[in-house]
Each structure stands twice: as C-alpha cells, then as structure tokens.
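**Student:** What follows is each chain in one-letter form.
Protein chains: 2
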Amino acid sequence: MTDFSATKALFHMPEGVIYLDGNSLGPLPLSASERVARTVEAEWGEMLITGWNKAGWMARPTDLGDRIGRLIGAEKGTVVLGDTLSIKVYQALASALELNPDRRVVLSDSGNFPSDLYIAEGLLKSLGRGYTLKVVAPEEVEAAIDETIAVTMITEVDYRTGRKHDMARLTAKAHAKGAVAVWDLAHSAGAVEVDLAGVGADFAVGCTYKYLNGGPGAPAFIYVAPRHADSARPALSGWLGHDAPFAFELNYRPHRGIERMRVGTPPVIAMAALEAALDIWDMTTMADVRARSLELTDRFIAGVEATCPMLKLVTPRDHQTRGSQVSFAFPDGYAAMQALIARGVIGDFRAPDIMRFGFTPLYIGPQDVDAAVAIIAEVMNQRLWDRPEFKARSRVT
Amino acid sequence: MTDFSATKALFHMPEGVIYLDGNSLGPLPLSASERVARTVEAEWGEMLITGWNKAGWMARPTDLGDRIGRLIGAEKGTVVLGDTLSIKVYQALASALELNPDRRVVLSDSGNFPSDLYIAEGLLKSLGRGYTLKVVAPEEVEAAIDETIAVTMITEVDYRTGRKHDMARLTAKAHAKGAVAVWDLAHSAGAVEVDLAGVGADFAVGCTYKYLNGGPGAPAFIYVAPRHADSARPALSGWLGHDAPFAFELNYRPHRGIERMRVGTPPVIAMAALEAALDIWDMTTMADVRARSLELTDRFIAGVEATCPMLKLVTPRDHQTRGSQVSFAFPDGYAAMQALIARGVIGDFRAPDIMRFGFTPLYIGPQDVDAAVAIIAEVMNQRLWDRPEFKARSRVT
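Chains A and B, in that order, give the protein sequences.
With the numbering used here as the guide, the letters of the first sequence map in order to residues 1 to 397.
With the numbering used here as the guide, the letters of the second sequence map in order to residues 1 to 397.
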C-alpha cells in the first residue's frame with residue numbers, strides 16, 4: 001500500500017493553500033528545483049553540445065516515455081515524449097486516418113477538450129477530400145460509432161464534468177465497426193487506471209503538467225500500439241523521427257517503432273523537471289492512486305452536498321464513470337471560485353458555470369478535503385463571493 | 001559600439017574550452033540559472049496555476065517574440081514563440097500554400113536542413129492533390145523560381161557550408177513570379193543581419209537554442225508578415241491560437257494577428273532561460289554583431305589556411321554570401337573533430353566530411369580564434385586525429 005504521507009512530503013505547497021487544481025497544473029516536486037538546476041548548470045553549462053550524448057538528453061524522450069507508459073498500461077517502447085498535447089493530437093489523428101483510408105468521418109464528442117476539436121477541424125480542412133468531424137453528446141458516442149467512422153477521437157475524462165468514458169467498451173465498439181481508436185488521456189494519466197494494451201487502443205496522447213506534475217508547459221506524450229508502430233506514417237515528419245537523423249539524408253525514412261513520432265529537438269530543461277516528478281510516481285501504483293482518489297472525491301461530494309445546497313453536482317456519482325475531479329455548477333461560479341482562491345482553496349472555473357476541483361492523492365489527503373469543504377461551506381453560505389472584486393473576469397482562469 | 005568583453009563576461013564557459021559550436025547550442029548565460037530557479041521556485045512553486053496570469057506566463061510567447069523580432073527586422077507583433085522549428089516549418093508552409101491555392105510546387109534546395117525537407121515531404125503527402133517538393137542545388141534556386149512555384153521554402157544560411165542566400169533578391173524574385181516566400185532563419189537569427197520587413201518576407205521561422213543561446217530544446221519562433229497575419233489559416237489550430245481560448249467554444253475561430261500561430265501550452269521553464277539569454281542581446285545590435293562576426297571568420301580562415309593545407313574551405317570567402325560559421329572539408333573530419341574536442345576546441349561534424357566552426361561575437365573574440373587556430377594546426381599537422389579512439393562514430397555529433 002502506498003504511503004501517501006511520504007509522497008505528500010516530496011512536494012512544495014505554499015503556506016495556507018489547499019491545492020485542488022492539480023488537474024490543471026501539478027505542484028512543484030521538491031527535487032525538481034535541484035534537478036533543473038543540475039541540468040542547467042552541470043549539463044548545459046559544463047557539457048555544452050556534448051550533453052546530447054553525455055547527459056542522455058537525446059534518449060530522454062523515450063526513457064521518460066517508458067516511465068509514463070507504466071502508468072497508462074502501455075507496452076515498453078510504445079510511448080515517446082515531445083511537443084504539446086495539441087500537436088500530439090494532430091499527429092495521432094493524421095496517422096490514424098491514413099490507417100483507414102476509405103473512410104472520411106472523425107467522431108468526437110462535445111465533452112472533448114476544445115483544442116482537440118480545433119486541431120481536428122484544422123487537419124480535416126487541410127486534408128479536404130470530404131473529411132468531416134462529427135461531434136455528438138458524450139452519451140451518444142457509443143451509438144454513433146458505425147461503419148462510416150474512420151477514427152474515434154475521444155478524451156476519456158471530461159475536463160469540465162469529470163465524467164469518464166468506458167475506454168474498453170468504446171474501443172471494442174470502434175474496432176467492431178472498423179474504426180481506429182485515438183484516446184486523449186489529459187485527465188487520465190496519473191488520475192485513473194488506464195490499460196492501453198489491455199483495451200487495445202490504437203493511439204493515445206496526453207500531457208504531463210496535470211496529474212503527472214511535470215511543470216508548466218511540460219511536454220506531451222504519444223502512444224502508438226505495437227501493431228501500428230512500424231507502419232503509421234508521421235504526418236509531422238521531423239528529423240528526430242528519421243531512421244538516421246544524423247546522416248542528414250535529403251529524404252525522409254521513418255525510424256522503426258515509436259521513435260518515428262519524435263519531431264524536433266526535445267525540451268531538455270523541461271524534461272528535467274518531469275523526470276524529478278516521475279520519481280515520485282515510482283513510489284506508488286495506479287491501483288492505489290485510484291482507490292485513494294475515489295475515497296477523496298466521495299468524501300468531498302458528501303461534504304459539499306451536506307453543506308452547500310446551492311451547488312449542483314455535475315460529476316457522476318458512479319465510480320465507474322467518474323474521473324479524479326469533482327465539478328459543481330453554480331451560476332456565479334467564476335466569482336465563487338475567486339472567493340475560494342482568496343481563502344486559499346485553489347480550484348478553477350470552466351465556462352459557463354463549472355467550479356472544478358481536482359483530487360490528487362500524491363499530495364492531497366482526507367484532512368485537506370475536510371478543510372476545503374469547511375471553507376467552501378463558509379464562502380458559499382455567507383455569500384462571500386458576492387463582492388465586486390471577485391466578479392471581474394480575467395482572460396486566464 | 002558594443003562592448004563584447006562585457007557580453008562575454010555574462011556567459012559561463014567551462015575551463016579550457018574554446019567553444020565554436022554556438023551555432024548548434026549556445027552556452028549558458030550566467031543569469032539563466034537564477035532566472036530558471038526563480039521561475040521554478042517562486043513562480044511554479046508559489047503561484048501554482050495562478051502563475052499563468054500573475055507571472056505573465058501566458059503573454060510570454062508574444063513578449064519574447066517581440067524581443068526576437070528586433071534582431072530579425074520584424075515589425076512589432078509579428079513574431080511568436082512556441083513548439084520546435086520543425087513544427088513551425090510545417091505551420092508556415094501549410095499556411096503559405098493556402099495563400100497560393102492554384103499552384104502545387106514547393107521549391108527548396110539541397111542545402112536546406114533535412115528536417116525542413118522531411119516536414120515538407122510529410123505535409124505534401126498528407127495534402128495529396130498533386131503537391132510536390134522540388135529540391136534544386138542552392139545555386140540553382142533563383143533560376144528555378146518560376147510561375148509554377150507556390151512557395152519557396154529556403155534556409156538563408158546553409159547549416160553545412162555556411163553559404164548565405166541573398167534573401168532580398170530571392171524574395172523579390174519569388175514575389176515577381178507570384179510565389180510566397182518562407183524563410184528559415186535557424187542559422188541567421190543572432191548570426192547575420194536579417195531584415196524581414198525590408199525584404200518583404202511572407203513567413204519566417206527559426207530556433208532560439210543556437211545563436212540566441214536559449215538553452216537545449218528552447219522553443220522556436222514564427223514570423224508572419226502583417227499583410228497575411230489576419231488571413232493566414234493555421235493548419236495547426238490549437239486552443240491558444242483561438243480568439244477566445246478560455247471561452248472553450250466547440251469551433252475554431254483564429255485569433256487576430258500573430259497569436260493565431262500559437263498552438264498549445266507554452267514551455268514556461270524553457271522560456272525563462274531564453275528570457276535571460278535575450279537580456280544579453282539588448283546590449284548589442286545586429287550590425288555590430290555582424291561586423292565582428294566577419295572579422296572573426298576572416299581571421300579564422302586566414303589562420304587555418306596558413307597552417308593546415310589539408311583542410312579545404314567550403315564556406316564562401318565573399319562576405320555577402322557568408323553566414324557566421326566556417327566549414328572545412330576533410331575526409332577524416334569526424335575523427336579530426338573528436339581530436340579537437342579532446343583538446344578543448346569544440347566545433348562539430350556534419351556528414352559526410354564537414355568540420356564546422358561557429359563564430360558568436362557575444363562570447364568569442366579574436367584571441368579565442370587565435371588559440372583555436374593554434375590547436376587546430378597542431379592536431380592536423382601532427383595527425384593527432386589518426387588514433388582509434390577518435391574514429392568510432394557516435395550517433396549524435
């Protein structure tokens with residue numbers, strides 16, 4: 001059983017803060033400061049260009065990919081780091097479409113993160129040739145998978161509501177109908193148990209700055225099932241995905257396996273922070289994290305519902321369909337979240353009316369939940385949010 | 001006149017090293033350590049998610065873009081940071097092609113960096129519809145620009161030879177023939193005087209880890225001419241290029257101007273290092289840097305040619321067509337470079353036989369050149385490279 005008090009001690013948390021926004025940006029692992037400083041000073045500073053070999057920078061995207069792979073049920077050698085999640089969505093979707101060349105429809109749902117939809121829209125417009133994006137309500141996805149669908153592009157856990165799709169079931173349906181399944185694990189990696197190999201996912205993508213605690217703007221990752229890894233064509237065919245990048249050939253020849261999904265020069269300093277964050281993940285298992293997460297979200301839902309009747313739960317009560325966050329709808333949700341933040345409870349707001357709270361067992365425990373509930377009850381019941389200073393909206397929330 | 005001894009004092013240089021590889025990875029600016037540590041500890045650690053506003057993370061890609069813009073003759077508000085150079089090449093080329101919808105040929109040259117060619121190859125294959133990539137010898141580019149060319153995609157300075165194209169002349173020819181001009185400034189930004197606005201370039205891209213000293217894997221940048229900025233369609237249409245990213249609309253609406261070229265979450269820690277590096281650029285002008293660079297490369301060429309008859313200069317002698325590096329061909333160039341590195345002179349090798357030396361006035365002066373020449377003469381004339389330990393090739397050079 002994981003010792004979550006031990007993992008909690010490895011993060012920096014500002015005084016007086018209960019941080020329920022690790023689903024947006026994870027906190028600083030204490031060892032990340034030193035790891036980053038070492039990379040900057042002892043590697044970049046002292047090794048200069050030779051750091052690519054000597055310090056292992058060049059191999060880090062696959063080294064760290066394997067460490068993330070363990071958390072999402074991926075086979076060894078199937079995950080590589082790089083770029084941003086939006087770029088990896090593009091790459092996965094473009095490759096997936098080519099594996100199903102006779103179909104023209106990408107299926108997604110309105111609970112997907114908008115950037116995935118925007119990226120698909122942009123890609124399909126570039127491709128022309130009748131490609132279309134079909135967006136249905138999350139509960140209609142399963143029924144919408146039919147023989148016209150080339151690719152299902154679904155985010156497992158809804159960024160707004162915390163609703164979790166049944167990845168195994170939808171993947172099986174996709175395959176039964178001849179579609180390729182692309183999964184976005186933005187709110188899954190480090191949050192819920194994912195078994196990519198087990199469910200037979202074709203492609204998956206995710207980010208590392210949320211539950212994985214890799215730092216602001218940490219790189220994304222992409223998974224390609226072994227059965228596709230040597231045949232998928234990377235539309236973003238950059239030199240580090242080439243079979244022999246340093247031969248500087250004029251024509252592209254993809255590398256074997258997952259390395260072909262590399263594009264350009266990897267972000268060395270950002271990877272140092274992520275590496276430190278992943279050390280903490282070595283102290284636990286996703287089964288333990290998931291059990292603790294459900295305990296925390298159950299406790300939070302019960303506490304808030306017992307004290308704040310004005311907050312309407314939008315996250316599923318059923319464990320099977322709940323991610324690792326709890327969201328409440330409230331018409332003045334933006335102002336209420338600002339008032340909470342002013343009191344040290346940091347969650348976030350998602351338009352139009354969602355107050356979102358993330359639960360991250362590595363550093364949030366039952367006592368934090370109880371303390372947060374008490375503050376939320378006070379802010380809501382005393383209408384502390386109904387003040388002008390909390391109502392002005394900023395661009396970034 | 002720039003005080004280059006003052007700028008040199010602001011970099012960390014390992015003992016006993018003469019670093020002539022700043023055209024591959026610039027050295028560590030002393031202030032970058034502290035800037036990165038502050039971003040990690042005082043921003044990520046203390047501000048957590050609120051850093052996006054409070055610490056200005058969200059605006060940094062355009063803030064730093066403007067600072068780079070000054071070095072490449074770009075108008076204010078035309079440059080934004082993000083992703084890697086290969087991704088930005090893809091983005092620029094895809095947008096450029098749509099501005100010229102009736103043509104199907106992309107023109108490039110065999111001196112372009114292979115990743116640009118690979119990226120074009122991948123994009124054109126995705127687009128289908130008869131798109132082709134035409135690759136000619138560098139000296140044939142001008143003659144090859146005709147009414148069939150949709151886009152010229154040219155790297156100004158050849159990564160191998162250091163040959164510099166005439167950007168004004170080729171851009172004018174492209175426009176005269178109705179082509180859109182995309183320039184790659186990988187070996188230009190911080191190396192030579194670039195006047196994007198003056199020459200009327202349509203798009204430009206570049207990286208920040210070479211002459212700009214932003215650190216290993218530092219983000220790339222993209223320039224879009226003001227006349228295209230509100231009409232160019234970003235094929236990589238991510239949420240941070242949306243007109244209202246935090247409205248989470250289901251459909252993509254591009255932001256006005258250069259911000260539409262943003263894709264995903266920006267790399268905050270990497271940008272901190274780059275910001276520190278750009279502070280040093282505020283102490284100089286590109287005219288001063290260029291004058292000094294030519295002085296250094298002239299001195300180096302003269303010194304090596306006077307002492308090492310076996311090294312064949314492949315970099316142009318003519319200032320007009322020379323970048324900020326000097327390359328010599330030598331059949332055992334790989335081994336010779338390893339022998340030089342063992343003696344503290346760090347340059348690099350590019351297949352098949354190029355020994356490459358970069359000159360970076362911010363931290364390399366005439367005395368460094370003279371010291372490097374003396375070591376090169378010794379290594380070459382005493383055949384110190386002709387030893388087994390220098391001949392084994394590593395993958396990364």
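Derived from the structure by calculation, the hints contain no laboratory data.
You may find that some hints are simply not true.
[As the list claims (entries may be wrong)] One side only, chain B facing chain A, incomplete, derived with CB under 7 Å: (1) L28; (2) V40; (3) D370; (4) A371.
These numbers were taken from a predicted model, which means no experiment stands behind them.
From the three backbone atoms N, C-alpha and C, an ideal C-beta is built for every residue, glycine too.
**Student:** Would the hint on D370/B stand, with a C-beta cut-off of 7 Å toward chain A?
**Tutor:** violated (21 Å)
**Student:** Should the interface hint for V40/B be scored as holding, given a Cβ-Cβ cut-off of 7 Å against chain A?
**Tutor:** holds (5 Å)
**Student:** Checking hints one by one. Is A371/B an interface residue toward chain A, by the C-beta closer than 7 Å rule?
**Tutor:** Result: violated, 17 Å to nearest chain A Cβ.
**Student:** Under 7 Å is the threshold here; is the Cβ of L28/B close enough to any Cβ of chain A for the hint to stand?
**Tutor:** holds (4 Å)
Consistency with the previously given hints fails for numbers 3 and 4, ordered from lowest to highest.
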